[in-house]
Amino acid sequence: MKTTYLAFLIVTIALSISFAPAKKIGVFQQSVDVGNPKLSGSSQYNAQTKEYTLKGSGYNIWFERDEFQYLFKNLTGDFTATADFEFVGTGTDPHRKVGWMVRESLDDNASHISAVDHGDGLTVLQWRVKKGMAMRDPEDEIFSPQKSIQTIQLERKGDEYTMRVAKKGESLQTVGSHTMSNLSKQVMVGLYICSHNPAKVEEAIVRNVQLKQ
Numbered sequence: 001m002k003t004t005y006l007a008f009l010i011v012t013i014a015l016s017i018s019f020a021p022a023k024k025i026g027v028f029q030q031s032v033d034v035g036n037p038k039l040s041g042s043s044q045y046n047a048q049t050k051e052y053t054l055k056g057s058g059y060n061i062w063f064e065r066d067e068f069q070y071l072f073k074n075l076t077g078d079f080t081a082t083a084d085f086e087f088v089g090t091g092t093d094p095h096r097k098v099g100w101m102v103r104e105s106l107d108d109n110a111s112h113i114s115a116v117d118h119g120d121g122l123t124v125l126q127w128r129v130k131k132g133m134a135m136r137d138p139e140d141e142i143f144s145p146q147k148s149i150q151t152i153q154l155e156r157k158g159d160e161y162t163m164r165v166a167k168k169g170e171s172l173q174t175v176g177s178h179t180m181s182n183l184s185k186q187v188m189v190g191l192y193i194c195s196h197n198p199a200k201v202e203e204a205i206v207r208n209v210q211l212k213q
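Sequence positions in the sequence shown follow UniProt numbering and run 1 to 213.
These aren't lab readings, by the way, just hints derived from the structure by calculation. Note that this is a predicted model, so its numbers are computed, not measured. Treat the hints with care, since some could be wrong.
[Claimed, not checked] Calculated cross-link-like contacts (lysine-lysine; reagent style DSS-like; alpha-carbon spacing at most 27 Å):
(1) K55 <-> K167
(2) K185 <-> K147
(3) K168 <-> K131
(4) K73 <-> K50
(5) K167 <-> K131
(6) K24 <-> K50
[Claimed, not checked] Cβ pair distances, simulated, as ranges:
(7) N36 <-> D93: 28 to 34 Å
(8) R207 <-> R136: 29 to 35 Å
(9) N74 <-> T49: 34 to 40 Å
(10) M133 <-> N46: 33 to 39 Å
(11) K212 <-> S184: 30 to 36 Å
(12) T90 <-> G132: 19 to 25 Å
(13) P94 <-> E139: 19 to 25 Å
(14) S181 <-> T49: 37 to 43 Å
Virtual Cβ for every residue (Gly too), placed ideally from N, Cα, C.
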């Protein structure tokens, strides 16, 4: 009798853990390393300062597959995502990335569109047209004429995605728009970081996060 009860208790605990909802991180539902990068990343939220700290590695977000740390939530329909981004430290690779990403799934070769701030100050709207396709330069990019951006906004209206940016103390300026008709109404929306170096973990602070529908 005791053995049967013990077995039942173990199964019950295991099921409760398996089906427990993921712990929220600020306004987001979950953080995960996409693409199985060599070094693990993390996402944390400080409720007092209202700041997010993202740490992540990964070879890149490019070609046919990606590696990065992703902090996201599922959203349906139109939205506007705005935040201030700041890298921590000088960094190892000038192409380290942080920004907003809209993604169809957590598959490493999933279709996505991203508003990207690079370590060298370059800010770009870039995308993978369809799952498994290689991203192309410059066909799959819209470049901001301004560098060293603080604020990045990514807006979705129907199938159209628009990126706006602003330097510190300035107003948002539209960089460009792109249509992603293959992305469904429900998508993953969130913050991400990629070190562009599999052997290095980079860090960024994200402030003034607003995610409006």
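*State the violated hints by number, sorted upward, taking the hints as numbered earlier in the document.*
Hints 2, 3, 5, 7, 9, 11, 12 contradicted; others consistent.
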